[in-house]
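Chemist: Top to bottom, those sequences are chains A and B.
Take the first sequence: its position 23, counted from the start at 1, is 23 in the numbering used here, and no numbers get skipped.
Take the second sequence: its position 266, counted from the start at 1, is 565 in the numbering used here, and no numbers get skipped.
If you're looking for bench data, these hints aren't it; they were derived computationally from the structure.
Small disclaimer: the values here were computed from a predicted structure and weren't measured.
Hints should not be assumed to be uniformly reliable.
[As the list claims (entries may be wrong)] Below are the DSS-like pairs computed for lysine-lysine, each with C-alpha atoms no more than 27 angstroms apart in a straight line:
| hint | chain 1 | residue 1 | chain 2 | residue 2 |
| --- | --- | --- | --- | --- |
| 1 | B | LYS395 | B | LYS313 |
| 2 | B | LYS313 | A | LYS96 |
| 3 | B | LYS563 | A | LYS100 |
| 4 | A | LYS203 | A | LYS8 |
| 5 | A | LYS123 | B | LYS395 |
[Stated by the list, open to error] To list a few chain B residues with every Cβ distance to chain A over 12 angstroms, as calculated:
| hint | residue |
| --- | --- |
| 6 | ALA346 |
| 7 | SER358 |
| 8 | MET420 |
| 9 | ILE428 |
| 10 | GLY447 |
| 11 | LEU450 |
| 12 | SER454 |
| 13 | PHE460 |
| 14 | PHE492 |
| 15 | GLN535 |
| 16 | GLU536 |
| 17 | ALA539 |
| 18 | ALA548 |
| 19 | TYR554 |
Beta carbons: idealized from backbone N, C-alpha and C, even for Gly.
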Amino acid sequence: MEIILQTKKLNKQYGSIKAVNDLDFTIRKGEIFGILGPNGSGKTTTLGMALGVTLPQSGSFEWFEGKYGKNSRTKVGAILESPIFYPYMSALDNLKIVAKIKKQNYSDIDRVLKHVELYDRRKSPFKTFSLGMKQRLAIAAALIGNPEALILDEPTNGLDPQGIADIRELVLRTAAEGVTIILASHLLDEVQKVCSHVMILNKGNRLAIGKVDEILQEKNILEIKSENMTDLKNTISTFDDIRSIKEEDEKLLIELSPELSADIINKRLMKKGISLSHLFMKEKSLEKFFLEILKKENV
Amino acid sequence: MFRLLQIELIKALKFKAIWWLGLVYFAVMASILFGVEAFINKVVSDAGNNLPISIPSVSLYSLPDAWHNLTYLASFLKIFLAVISIILVTNEFNYKTVKQQILNGLSRQESFWSKVLLQLMIALFSTAIIAVLVLILGVLHTEELSLGVFLTKSSFLFAYFFEIFSYLSLAFLIATLVHRSGFAIGLLLLYGFVVEPIISYKLPLDYGDYLPISAIGNIIQLPNSQLMKIFGIEFQEYIALNDLLITSAWTILFYAIVYVYYQKKDF
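The shape of chain B in the complex, shown without the other chains (with noise of 0.2 angstroms):
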C-alpha cells in the first residue's frame, strides 16, 4: 500500500498543475473562511436598517458551532478536488501510462487501488486544511476554550472527509470512462447542476434525497444560525445515519463499477 501511495504521490506532486490547482484552491477556501462572518453581518445589518426589530450577528466562528458552520461552507468547493482528482486520473490515459504501468509489472488491483488511495490523499489534504483553519478561527473567536468545544460536533470534520471521498468517487467514476479531462469535469458539472435537478424534480416526494449529489450534499447540512431561529426554522444540526447509508451505496457502486473496468479494459 505505501508503494503505491509513493507512486501516485511523485505522479501528483512532479505536476506543476496540481500546485497552483492546490494553491489557488487554499487561497480561495481561506479568504471565504476568513471573510464570511464580516460579508454574512455586513448583509444582514444593511437589510436590518429598516426592520423594527435589531437582528443579532452572527458568529459562525465559535466553537464548537464553527466545525459544522466551516465545514457546511468548505464543502461547496469540492469541485477543485474533483478537477485535481479528473487530471490526475485522465493523464494516465492521455499520457498512455495506464497502460505502461500494467507493463511495468503493475497488477490491474493494484492499478485501481493505487488510484483510490490518491481519491483519499485528496480528501484527507482538503481534510486537514479545513482542520486548520477551523481551530485558528475557532481559538480566535470562542470565548471559554475546553476540550469539549474542541471535541463537540468535529465529527463534522469526518463528515466532511467522507463528503468529499465520496464526490470524488464519482469524479473518479466519470474520469475512468470518458479518458478526457475537460470533457469529465464538464460531464460532473452537467450531472450535479443540470441533469441530477431534474431527475429530483420528475422524481415524486422526496426520492430526489436518494439521488448521488443530494445524498452527498445532504451529509452535512445548512447550519442553523440565530438569524434563522428568529423565523423558526430548523435545520439538521446532526449527521443523520440515513444520510451516510445512502451516500456509502453510491460510492461503493461507483468504485466498484470502476472496479470492474480496471479489471476487464483492454489497455
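Extracted from the complex, chain A is given alone in its bound form (with noise of 0.2 angstroms):
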C-alpha cells in the first residue's frame, strides 16, 4: 500500500523533558490512523513536526513517499489544537485565505461548506460561531484543495454529545471518500470507535502499534501447563474456539474467544482425562494498559 507517511527516528526535547522519543510510524492510503495517549504524551509535538510548524531535533519523515516534494503540504488537511482563524473575518473570507494559501480555485469552498453543513452561515464572521461550528469550518478549510491526508488532533475537545457525534460521523465519511486520516486523541474509546490502526504513545514513546481490532481488543489469555504436554496440546488444538496457541517456558498460552473462560476449558480437559498442574488467566489487554497509564497521569 502506498505510504502517506513515514517518519524515521523522529526526536524533540523541551529542556530535560523528552517529548518524543525515537519515533518511528508509517501511515498507509486508506488508514484511519490514530495516535492515542495521555496529555502530554507527544501526539501533538509529533503531528506539529511533520507539519512543521515544530522543528525536530533530529530524525526525519516523508509525506506521501515524496513524490509531491515541496508541494506535499498542500496534500494535508490539518487542525491541531483549537479551529483557528481571524475571528473578525467571516467564514467565506477566512477559506477564500485558506484556498490562496493551499493555490485552490475558490470554487472549491463551496464544496467544503456544504460538506461540513455551514453554507448557510458562511457570510457570518467567525468569533459567532459556536464552538462545534468552528471545529467544522476547521474541517472545511482542511479539506480545501481535496487532500489525501486530514490531520485532527483532539477533534473533540470540549464538544456536547451532539458535536462529538457530528465530528466522528464527519470523520467517517471524509474517510469514505478515500482520505486517509491521522486522529490524535486521548479518548480510547474515540480511537476505538473511529479508527482502523493505532498507535499508542506514552512520554514521547511509542508503546505499540498496529490494527485496532488487534491491539486494542480484550484478549484473553490462559497460561496453562501439563504433566503431558504433547497431549495437552493436541487436545487444545481440537477446540475451535480458541484463537491462538503458543508455546512459551514449557507453558501452553491459548488466546480464547470472549465467550469462553478459564472454567470451561478446564471442565472440557477433564473431560478429556487431561489434568492441569498449572492455570493461569492472563488478560493481555492494552485497553487495561492504557487504562493504569491515564489513572497515573490524573492521580
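Combine both chains into one complex, guided by the hints.
Modeler: Below you can see the structure in the form of C-alpha cells.
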C-alpha cells in the first residue's frame, strides 16, 4: 500500500523533557490512523513536526514517499488543537485565505462548506460561531483542495455529545471518500469507534502500533501446564474456539474467544482426561494497560 | 509573490481598525500639508512685527522644492504607519494564525516574505498619498510648470519611500519579537524618543548618527528655507549616499533577524 507518512527516529526535547523519543511509524493510504496517548505523551508534538510548525531535534519524516516534493504540505489538511481563524472575518473570507495558501480556486470553498453543513452561515463572522461550528469550519478549511490526508488533533475536545457525534460522523464520511485520516486523541473510546489503526504513545515513546482490533481488543490469554504437554497441546488444538496457541517456558499460552472462560476450558480438559498442573488467566489487554497509564497521569 | 500579496490584502482590508487608522492618517497628513504654509507664515509674521527687517514669507509648495519640504514633513507621521504594521503583524501571533498558516501549507519563508510585502505595501500606500498631495499643492502653487520642476528633486519621493520602509523594518522586528501590539508600539516610541537619544548623547562625536532612528531620519533632512538663509544656516538639500547606506545596513539587519526568527521558531 502507498505510504502517506513515514517517520524515522523523530526526536524532540523541551529542556530536560523528552517530548518525542526516537519515534518511527508508517501510515498507509486509506487508514484511519489513531495516535492514542494521555496528555503530554507527545501526540501534538509529533504532528507538529510532521506539519512543519515544530522543528525536530533529529530524525526525519517524509510525506507521500516524496512524490509531491515541496508541495506535499498542500496535500495535507490539518487541525492542531483548537480551530484557528481570523475572528473578524466571515467563514467565507477565512476560507479564501486558506484556498490562496493551498493554491486552490475559490470554487472549492462552496463544496467544503456544504460538506460540513456551514454553507448557510458562510457570511457570518467566525467569532459568532459555536465551538462545534468552529470545529466544522476547521475541517472545511482542512478539506480545501481535496487533501490526500487529514490530520485532526483532539477534534472532539470540549464539544457536547451532539457535536462529538457530528464530528465523528464527518470523519468517517471523509474517510469513506478515500482520505487518509490521522487522528490524535486521549480518548480510548474515540479511537476504538473511529480508527482502523492505532499507535499508542506515552512520554514520547511508542508503546504499540497496529490494527485497532488487534491492539485494543480484550485478549483473554490462558496459561496452562500439564504433566503431558504433547497430549495437552493436541487436545487443545481440537477446540475450534481457541484463537491461538503458543508455547512459552514449558507452558501453553492460549488465546480464548470472549465467550470462553478458564472454567470451561478446565472442565473440557477434565472430560478428555487431562488434568492441569497450572492454570492462570492472563488478561493481555492494551486497553487496561492504557487506562492504567491514564490513571497514573490523573493522580 | 502575487498570491502572498493577495493573502495579506484580504487580511488587512477586512480589518476595520486598519480603515480607521488609514483614514485618520490621511486626514492628519492632508490637513498638515495643506495648513502648514499658512501656519508658518502666520508665526513668522507675528514674530516679525517687532523686527526692523521684513522677513520674506515662505513658500513650501512651489515645485521642485515641494518634494523636499513636504516629504520631510510627512515623514513625521510615520509612527501611524508603524502602528498599522505592528497591529497586522501582532494579530497573527495573537490569533495564532501564523501557526495555522504553516499548518495550511504556507512555508516559513513564505510567511516571512508575505509580511515583508505587507511593509512594502504600507510604504507604497503612504508614498502614493504624498505624491498625490505634493502634485496637487505643487500644481496650484508653482508659477511656471514644466517637466523639469516635476522631475527635479522628485528623488525625495523615493527617499521618502525608503525611509518609511526602513522604519517599518524596525517596527516589524519589534512586533515579531514581543507579539503584543501595545507593548510593541510602546517599545518603538520608547526606543526612538528616549533610548536612542540617550545612547546618542553618550557616544563620542557624531557616532549617534549611525543609530537606526537617527540614520532613518537623516535621509531627508530639514529643508533649507529662505528664513534660514537669512541666518546663514545651510542645510543638506540632497539625499546623501552615506545616509542611504547606513539605513540600508540597519534595514537588512532587522529583516535578517526576523527571517531567522521565522525559520527557527517552534510555532
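Chemist: It remains to establish, for every hint, whether it holds in the given structure.
Modeler: Do the hints match the structure? See the list:
| no. | hint | verdict |
| --- | --- | --- |
| 1 | B:LYS395 x B:LYS313 | 17 angstroms, holds |
| 2 | B:LYS313 x A:LYS96 | 12 angstroms, holds |
| 3 | B:LYS563 x A:LYS100 | 24 angstroms, holds |
| 4 | A:LYS203 x A:LYS8 | 18 angstroms, holds |
| 5 | A:LYS123 x B:LYS395 | 22 angstroms, holds |
| 6 | ALA346 | 50 angstroms, holds |
| 7 | SER358 | 45 angstroms, holds |
| 8 | MET420 | 16 angstroms, holds |
| 9 | ILE428 | 25 angstroms, holds |
| 10 | GLY447 | 45 angstroms, holds |
| 11 | LEU450 | 39 angstroms, holds |
| 12 | SER454 | 36 angstroms, holds |
| 13 | PHE460 | 27 angstroms, holds |
| 14 | PHE492 | 32 angstroms, holds |
| 15 | GLN535 | 45 angstroms, holds |
| 16 | GLU536 | 46 angstroms, holds |
| 17 | ALA539 | 41 angstroms, holds |
| 18 | ALA548 | 29 angstroms, holds |
| 19 | TYR554 | 21 angstroms, holds |
In this structure, none of the earlier numbered hints is contradicted; all agree with it.
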